[in-house]
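Peer 1: The lines below spell out each chain.
2 protein chains.
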Amino acid sequence: MDENILGIAAGVLTSISMIPQLIKVIKEKDAENLSWVMLSVLITGLSLWVWYGFLKDELPIIISNSFAVLVNIILLVCFFIFKKS
Amino acid sequence: MDENILGIAAGVLTSISMIPQLIKVIKEKDAENLSWVMLSVLITGLSLWVWYGFLKDELPIIISNSFAVLVNIILLVCFFIFKKS
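Listed in order, the protein sequences are those of chains A and B. Numbering (the numbering used here) for the first sequence: 475 to 559. Numbering (the numbering used here) for the second sequence: 475 to 559.
To be clear, the hints were calculated from the coordinates, so they are not data collected in a lab. It cannot be assumed that every hint is accurate.
Just so you know, same-sequence chains aren't split out, so a pair can sit in one copy or run between any two.
SDA-like cross-link-like pairs, simulated, lysine to any residue; straight-line CA separation at most 25 angstroms [claimed, not checked]:
(1) Lys501 to Ser514
(2) Lys503 to Leu533
(3) Lys558 to Asp531
(4) Lys503 to Ile536
(5) Lys557 to Val524
(6) Lys558 to Gln495
(7) Lys530 to Phe554
(8) Lys503 to Ile555
(9) Lys503 to Leu480
(10) Lys557 to Glu477
(11) Lys498 to Glu532
(12) Lys530 to Ile555
(13) Lys501 to Val511
(14) Lys557 to Ile536
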């Protein structure tokens, strides 16, 4: 199989799997199950994957990890907006 | 920076970020926040990333996504063990 098509399929599936959590957190305004420490670790890791993708010049890695960075930054923002004070 | 070191650092961080959820689910025996559909989509996507890693011969992608497949298969098993009947 063409590597790029495989990478895009992989990226689409792993990206889709993140959406329900995002919708749930935004809809229920509940960030109780989120941890800002773990979100920060995840965002750092995903950003390094984007960097890796640029070094390797691999578009599927760049796009899918950039999307994941975006989703998790939104989750992090939600955490600070919705957390119980 | 060396691409492999960058990829390994990225993989370690994204892998670490999965551990707390796994521990929480196992400790609390609570899979209420999991969705078997989304876990299946995620496992399929991560497996395609492993395949992509093999095609591209990139060890950081193979290792970190294999670890993620393993974690999410355990979560899927937990879902079926712990779900309220």
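Peer 1: Does each hint hold? Answer for all of them.
Peer 2: Each hint tested on the structure:
1. Lys501 to Ser514: Classified as both: same-chain Cα gap 22 angstroms, cross-chain 23 angstroms, threshold 25 angstroms.
2. Lys503 to Leu533: Close neither inside one copy (34 angstroms) nor across copies (39 angstroms); limit 25 angstroms.
3. Lys558 to Asp531: neither (42 angstroms within a copy, 46 angstroms between copies)
4. Lys503 to Ile536: neither (30 angstroms within a copy, 36 angstroms between copies)
5. Lys557 to Val524: The answer is neither: 29 angstroms in one copy and 36 angstroms across copies each exceed 25 angstroms.
6. Lys558 to Gln495: For lysine 558 and glutamine 495, both the intra-copy (19 angstroms) and inter-copy (20 angstroms) Cα distances are at most 25 angstroms.
7. Lys530 to Phe554: Intra 35 angstroms, inter 39 angstroms, cutoff 25 angstroms: neither.
8. Lys503 to Ile555: within (9 angstroms within a copy, 29 angstroms between copies)
9. Lys503 to Leu480: Classified as neither: same-chain Cα gap 35 angstroms, cross-chain 35 angstroms, threshold 25 angstroms.
10. Lys557 to Glu477: Close neither inside one copy (42 angstroms) nor across copies (38 angstroms); limit 25 angstroms.
11. Lys498 to Glu532: The answer is neither: 31 angstroms in one copy and 35 angstroms across copies each exceed 25 angstroms.
12. Lys530 to Ile555: neither (37 angstroms within a copy, 41 angstroms between copies)
13. Lys501 to Val511: both (22 angstroms within a copy, 20 angstroms between copies)
14. Lys557 to Ile536: So lysine 557 and isoleucine 536 fail the 25 angstroms test inside a copy (31 angstroms) and across (36 angstroms) alike.
The structure fails to meet hints 2, 3, 4, 5, 7, 9, 10, 11, 12 and 14 from the earlier list, while all remaining hints are met.
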